[in-house]
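Taken in sequence, the protein lines are chains A and B. The numbering used here puts the first residue of the first sequence at 1356, with every later residue one more than the last. The numbering used here puts the first residue of the second sequence at 849, with every later residue one more than the last.
None of these hints come from the bench; they were simulated from the model. Yeah, the Cβ is synthetic: ideal placement off N, Cα and C, and Gly gets one too. Some hints could be false.
What the hints assert, rightly or not - Straight-line C-alpha distance at most 16 Å; calculated EDC-like pairs for lysine to aspartate or glutamate:
1) A:K1413 / B:E1231
2) B:K1228 / A:D1364
3) B:K1073 / B:E935
4) A:K1370 / B:E1231
5) B:K1167 / A:D1360
Stated by the list, open to error - Calculated from the model, a selection of chain A residues having no Cβ within reach of chain B, i.e. all distances over 10 Å:
6) D1360
7) Q1401
8) G1435
9) V1450
10) L1483
11) L1486
12) V1487
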Amino acid sequence: MAYSDKVIDHYSNPKNVGTLDKASKNVGTGLVGAPECGDVMRLQIQVDEATGIITDAKFKTFGCGSAIASSSLATEWLKGKTIDQAVAIDNMDLVEELNLPPVKIHCSVLAEDAIKAAINDFRTKNGLEELVFEQSHV
Amino acid sequence: MLKLPIYLDHNATTPMDPRVLEAMIPYFVENFGNAASRNHSFGWHAEEAVDYAREQIAQLIGADTKEIIFTSGATEGDNLGIKGVYEMYASKGNHIITCTTEHKAVLDTCKHLEKLGAEVTYLEVQPDGLINLKELEAAMKPTTILVAIMYANNEIGVIQPVKEISAIAKKHGALFFTDAVQAVGKIPVDVNADGIDLMAFTAHKMYGPKGVGALYVRRKNPRVKVTAQLDGGGHERGMRSGTLNVPGIVGFGKACELARLEMASDTERISKLRDKLETALTQLEESYVNGNPAYRLPHVSNISFKYVEGEGLMMGFNKDIALSSGSACTSASLEPSYVLKALGLGDDLAHSSLRFGLGRYTTEEQIDFTIKAVSETVLKLREMSPLWEMFKDGIDIDAIQWAHH
Chain A
1356 MAYSDKVIDH YSNPKNVGTL DKASKNVGTG LVGAPECGDV MRLQIQVDEA
1406 TGIITDAKFK TFGCGSAIAS SSLATEWLKG KTIDQAVAID NMDLVEELNL
1456 PPVKIHCSVL AEDAIKAAIN DFRTKNGLEE LVFEQSHV
Chain B
849 MLKLPIYLDH NATTPMDPRV LEAMIPYFVE NFGNAASRNH SFGWHAEEAV
899 DYAREQIAQL IGADTKEIIF TSGATEGDNL GIKGVYEMYA SKGNHIITCT
949 TEHKAVLDTC KHLEKLGAEV TYLEVQPDGL INLKELEAAM KPTTILVAIM
999 YANNEIGVIQ PVKEISAIAK KHGALFFTDA VQAVGKIPVD VNADGIDLMA
1049 FTAHKMYGPK GVGALYVRRK NPRVKVTAQL DGGGHERGMR SGTLNVPGIV
1099 GFGKACELAR LEMASDTERI SKLRDKLETA LTQLEESYVN GNPAYRLPHV
1149 SNISFKYVEG EGLMMGFNKD IALSSGSACT SASLEPSYVL KALGLGDDLA
1199 HSSLRFGLGR YTTEEQIDFT IKAVSETVLK LREMSPLWEM FKDGIDIDAI
1249 QWAHH
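Okay, chain A solo, but in the shape it has when bound (with noise of 0.2 Å):
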């Protein structure tokens, strides 16, 4: 199976490959998928109290080179967004940014998830209920 350019593009350079202080107040942490399922992503988010925007954002991701472009671009797409733009990303938008094949869908959901995570960690850290959100369908 062939990867498209922007796969390619996101593994051979990978934005926001890192690690945010999972400790601090204004950092969200999500770890989706499990290492048997062979894709683990971990997103992190760090958001400025004063206006809620999200400045900075990481990843780790252990899986295909789907998974690791789905997450690097995840990272992209969050930085200078607000937490309610953020929730509003969509598994369906990195699948068509990305040109993933049906059976790489679930490397965008994992990454929706991710994202997910991260603001639910964040929001309960500072005092906030979750989020509920609606199942995604794979």
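Dock chain B against chain A, hints included.
For chain B alone, coordinates are given in the frame of chain A:
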């Protein structure tokens, strides 16, 4: 100059040896006869070529020419050998013993027979990939008609104790079938010394053409018969109807002759390269060789690089190097290799494996390039891996409650 891409997937298929192609060429246009045409010279030429190839093939495995039944490949050989015995010996029993790391052509054939009333025992393998002979002995029953255990495994290259297995089968009055696709032409295989009653093998794994294989069927001590699975003209002593693939068979014969003459020197050279590759790659932290290192094909190495995923790993170099991964990220099931799982490897290690299959044309330069490319990619992906970070921070990854999806 190093020519790219490098082919290191010789367990999937091998390139054809130019000498094999040369032997085949006259049998397409010039000598196109049907080997079953008994009444004219076109047929006689073809039959002569087939007879010669049969000798070349029989010689490689220590068989008699009459014991070679041509097939379209090993999948057909596996089907004919196992189904053919099941039907032929139905009055003696319905029990078959095989193991969990067999090729799908064997496993799915057994599953098919289960639906028809066969009782099949699937032996587990030990962590090194070999079956436990005591378990085999214990699984034997008065109704056991066939023991079907592969000679060497396609994913990890481990060589089963074939002599001991055949002795156990014989002691209990069962036949011994072996899928020897990965072994014939690579390591010495002798049907008499090994006690083999039936054996499937194929040309394209030993520098011959695709689409031609053989089933060895013992004719003496005991005389074995299989029920034909294709009805037709009664070719191949009634066991496999269908016009013979004369050019393919000629190529198969030549490939067997070359394997017989060059096996020792090929093995010496290739195993040194394999060992060099393996030694270098296992210098990386948390990398593990899968399968028993002593009882193993000389040209195969299967290595798990913990905390990186196989398909992601291959993407780092697959424009330059062709090989296989035990990860099955592309399959709909997302299940990693059932062979690696059968060794008791966790799914995470199975997802992290690469299979290197070297061959007759593999060079030291190619291996040096591969060592460098694979090592660099492993290190790069580990920097990107949350699991590697956790491992380095001393977090017990197995203790985490992962959300399965």
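Results of checking the hints against the structure:
1. A:K1413 / B:E1231: 13 Å, holds
2. B:K1228 / A:D1364: 15 Å, holds
3. B:K1073 / B:E935: 10 Å, holds
4. A:K1370 / B:E1231: 13 Å, holds
5. B:K1167 / A:D1360: 13 Å, holds
6. D1360: 13 Å, holds
7. Q1401: Q1401 (chain A) clear of chain B: closest Cβ-Cβ about 17 Å, beyond 10 Å.
8. G1435: 23 Å, holds
9. V1450: Check passes; 16 Å lies beyond 10 Å.
10. L1483: The claim stands: L1483 (chain A) keeps its Cβ more than 10 Å from every Cβ of chain B (closest is about 22 Å).
11. L1486: Non-interface label on L1486 (chain A) holds, nearest chain B Cβ at 17 Å vs cutoff 10 Å.
12. V1487: 16 Å, holds
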